[in-house]
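All chains, please: the whole structure from these sequences, using the hints.
2 protein chains.
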Amino acid sequence: MAEHSVVFDLADQAVRVNTGTLLSEAAQLAGVEISQPCGGQGRCGRCAVQVVTGSARRRSTLRLSPEDIANGYVLACQSVVEGDIEVVVPPQEKIERRLTTDRTAAEVTVPTWYDFDRDQSIHRLNLTINPPSMDDQTDDWGRLQTTLRQHTGIGDLQVSLETLRKLSNVLREGDWTVTLILDSLSWDCANCPARLIDVLPGQVTEETPLWGVAIDIGTTTVTVWLVDLVTGEVRAQASEYNGQISRGEDVISRIIYSGKNGGSQHLRALVLETINELVERACKRVLADPKDIVKANIAGNSTMMHLFLGIPSTSIRLAPFVTVVNHIPTYLAGEVGLAIHPNATVDCLPGVASYVGADISAGVLSSGMDDTEKLTLFLDVGTNGETVLGSREWLVTCACSAGPAFEGAGVTYGMRATKGAIEEVWINSNTLEPTYRVIGGIKPRGLCGSGLISLLAEMFMTGVVDKGGHINTNVDSKRIREGEHGPEYVIAWADECAGGKDLVITYVDIDNLLRAKAAIYAGFSVLAESVGIPLESVEQVLIGGSFGKYINVEKAIQIGLLPDMPWERFKFLGNTSVRGAYFGLLSIQSRENIKAIASRMTYIELSADNTFYEAFMSALFLPHTDLNKFPSVEVMLEKNGNPIKTSVEKGG
Amino acid sequence: MAEHSVVFDLADQAVRVNTGTLLSEAAQLAGVEISQPCGGQGRCGRCAVQVVTGSARRRSTLRLSPEDIANGYVLACQSVVEGDIEVVVPPQEKIERRLTTDRTAAEVTVPTWYDFDRDQSIHRLNLTINPPSMDDQTDDWGRLQTTLRQHTGIGDLQVSLETLRKLSNVLREGDWTVTLILDSLSWDCANCPARLIDVLPGQVTEETPLWGVAIDIGTTTVTVWLVDLVTGEVRAQASEYNGQISRGEDVISRIIYSGKNGGSQHLRALVLETINELVERACKRVLADPKDIVKANIAGNSTMMHLFLGIPSTSIRLAPFVTVVNHIPTYLAGEVGLAIHPNATVDCLPGVASYVGADISAGVLSSGMDDTEKLTLFLDVGTNGETVLGSREWLVTCACSAGPAFEGAGVTYGMRATKGAIEEVWINSNTLEPTYRVIGGIKPRGLCGSGLISLLAEMFMTGVVDKGGHINTNVDSKRIREGEHGPEYVIAWADECAGGKDLVITYVDIDNLLRAKAAIYAGFSVLAESVGIPLESVEQVLIGGSFGKYINVEKAIQIGLLPDMPWERFKFLGNTSVRGAYFGLLSIQSRENIKAIASRMTYIELSADNTFYEAFMSALFLPHTDLNKFPSVEVMLEKNGNPIKTSVEKGG
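First to last, the sequence lines map onto chains A and B. Each step along the first sequence adds one to the number in our numbering, with nothing skipped, and position 622 is 648. Each step along the second sequence adds one to the number in our numbering, with nothing skipped, and position 132 is 158.
Hints may be right or wrong, so weigh each one.
Listed next, the in silico DSBU-like pairs over lysine-lysine satisfying Cα-Cα at most 35 angstroms (straight line) [unchecked claim]:
# : chain 1 : residue 1 : chain 2 : residue 2
1 : A       : LYS286    : B       : LYS192
2 : A       : LYS192    : B       : LYS317
3 : A       : LYS527    : A       : LYS469
To give an idea of the chain B side of the interface with chain A (calculated C-beta under 7 angstroms), a few residues [stated by the list, open to error]:
# : residue
4 : PRO158
5 : GLN163
6 : CYS218
7 : THR349
8 : VAL350
9 : ALA379
If you are wondering where the hints come from, they were derived from the structure by calculation, not from laboratory data. We put the beta carbon where it would ideally sit given N, CA and C, even for glycine.
The following block contains the structure:
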């Protein structure tokens, strides 16, 4: 057998190994430590190294992107030496960066078509008015409107009583020079005159920010983007659990609670508190005053919108499942209870049906699927698993109740994707010992959605759980033990954790995750079936939802959450709902498009027949009852010695 | 000398008298008592009798209308026997009726052009909606709008958050049959969609009243008309002093008070209290609930409108005397603080200038002067003496501060024209003893505006006061005495009065009355002069103001309040402001006309030069410095032995 020289950049000298030696073995020989959390199965991608001279034969490139491959990256545990080579071992933090999407507040670029003057409904104008005299005793309000008409062509204005009350003082304080803030468009009334939001004494420079806010009211998480309407920039973001969560984790329990005496007012107060706190938090970051926010665009599912406005939601829960209102009129912040400028326009985006709300209309817009020829599947992976299938030509949609497990709720150590959340887990297939990555690099407090998917996939691929999600107690590992609520797997020991307690996952947790993923899978597969389109012909899968951005596709396929397709067809868009609200906030055209999307989407009611239920039951397994639907997972399981069969045999 | 037979219907037999005998003397002979409160000077008209056979020569017909004369009425004290005649003495109550305009709540007839279906902005509709089903999951609000569009062609609707909140329950409670109350027109936004005021479960019959309210906010008096919008009928009325009166009697003192800390809020609260109490009072009379009132039309002078809405009024008082707003946008009752349906449309009618407000725009409409070819002088005899001159072709207007004397304020025993108010006074020129008529026929409590005018005229014509309004203390009468504040005249002794104190008038009271009448006279005479029109060419004088209806023209001319013209040119219209608001409430066309009137009227600023002041000073006398302007009064004075000269001589 031929011997080859392998040079590692971190080692003092070259090592000589036979053809077919794994690069990871060569590194060990050379005294170079390469991290292999998954136990050398090619699943975690943490052992990626760069071959700079010569070549290595790759046995698996599952965890490498096409760019990685082009740049000579190989997985050390999956690549064998075939000639003399030189290898660079990237520093740990470089691997982290390669594997991790930037988690600092999603950078949102101002849309290229965005044109403030042309496409904004909010306008700020400086106006100098001729003062009254004995020869011209026109009233203040008439005088202001006349001057405005002369300068801008804008005729009549709507004005609140509060603004009329301050007008005379403002005009005189500013010595007849004032700044007007107008909203030129009311969404429910195309012919209505522009509305005067505020009048301020004197001039402001063009550089002074003019604030707007885009809000996504999720069942689990509320997200707020503070936007400078002059530049279009997102200047601050904040998100937090919806305060209503203490009164029910999913929309159904919220609706039931809202029907109790005072329940509706209580839920409304809770979500308002969350929103107002988030707005204040975002404002503090850029030293803005919430009272200077002059427009809010709000997206959320239909139940959230009803509860936010204090509109009864009972009919959403009971057949025939109708909302009170899908296209909500424009109201003022003061009317709805937002602690921003009391005259700020509050534009609640339009929804489609009881279970396909404004978050989806907004999401479809921000995904761009309404404007592409590609057959697209759009998934919003939140508490409600909403799915949209279609393209520029047509759009169908459905929803299923996924539950909040992927948002960290309903799972013992679940949490949102903030500091201290485990976002990825690798389990060594030999030792069953886990390795994990924590957001912020601190001691872990729990697991976020992507961490849970990763954990479940690893447990399944290493045989810690079987096809049915049951923890395999026959395996010899101190990580697997009998807990208070049955078998559990320990991800981190108490001394590693911020909470000072062992961080575990139980069967109840796993069951919640299985139900969530099964509902989502059943939703889009039934939708595709209903329009007679095989899932394989979907050209792109766009995934929204606040945690969606950080999902590991491979692992999501391994647990059967996503359909088994080439990875390049998947695209994670993050919180598409708040992004849609942001586009609507900035652009009249975008807002019109959202309205058009809401009107165009055909809603398919899943509860109408048994198809959904059957699909759901079949998907309650890892990855699915029918392994033929997941060929790539089958291959992987075969390669790993098919722990499924083992554990199923053991379990059976 | 020839003898004639005079037969009185009340006497047992005929009396025989010589040619030239006064009918009153003949009556005495016959034992028939005929009331002569004025002492037989032909000024009071109380001795009118009807000659049914033969004829009597009339020496004066001053107190008789052309109809009276045609019907054979003569004044017994002014008519002499020339042949055999038969005379009918009308019972006292018949004379009362002839002399008194019906004081029971002004009967307002529904305008003939009034067409509910065509010309109303408020609509009440019954709607039966197809309930939702699994095949039609349209939202409640969309479903209601679609059905409405199918039935009426009315497309989009504006809806308050409160109404949206109750919608789902109302639809289900009414088993998908509901009653909608809509306002199809927003005055400041012709293109805005109709607004849903309320939605009620089930049907209501066409007979169920639909309530609206017309309100006149006077500086002194607030008047409310409760209107059934289905029939157009005024179903109840109520009026009361404006609660703000305790904080200043005229607009200037109110404006000053409103500028103090908390003053504006206080004044707003006071007038709201008055209005809300009046509305409640009116509603009680017809067992209506104020919350069922769905539209309010409000007129008032500009200061009253500003104070009502809490808009600063300071600029009204200071040069260049501008209002904050003349054309007030439509607001909702809940916003402005009216205790009617919170979604009721509140339409504040448009004004012209600081001192010509919505009460005048409304007044001009209800007077009809904007639609006649006759050159018309319109006077609103209230706290502010507003005058409009013109016709269909053009309209000019001005205002002067008359003060509240004619509304009973600022005069020791002044009061509104309610029960217990002396409304007419006659003084016997021989004895100087007064006779009076009290509203309601009870013991007197004070004098209302018409009573004060009557009293002042009588005092002047009988020499109790001189040209300058000074009480003639040289005359021997126990009625004239030195009081606490100088000379005074006793109208009623303590034992005749409800208050148990002598009812008197002092020089201070008279001075206030003189200033009021001088301001009004100066106002319209300067206005006529400014457009180069002699007062004599005015074809009709229309008089508005809540007390105007009961003024005795003759006496008003005698004191120089009204120009000296043939009586038939005068027409008293009562409260033209509330009547205009009533027309605007019922009719879209009327409301458009009021808007057009407000835009058409040219405002003449009286404070701009000295002309007004000079005219005012000249008018501070009884009837005027220049007696040539009052030829009929001059004739009368001559006939009565010219007490003016006497008293002037005595005083001088």
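Now for the hints, and whether the structure bears them out:
| no. | hint | in the structure |
| --- | --- | --- |
| 1 | A:LYS286 - B:LYS192 | 16 angstroms, holds |
| 2 | A:LYS192 - B:LYS317 | 30 angstroms, holds |
| 3 | A:LYS527 - A:LYS469 | 12 angstroms, holds |
| 4 | PRO158 | 4 angstroms, holds |
| 5 | GLN163 | 5 angstroms, holds |
| 6 | CYS218 | 5 angstroms, holds |
| 7 | THR349 | 4 angstroms, holds |
| 8 | VAL350 | 5 angstroms, holds |
| 9 | ALA379 | 6 angstroms, holds |
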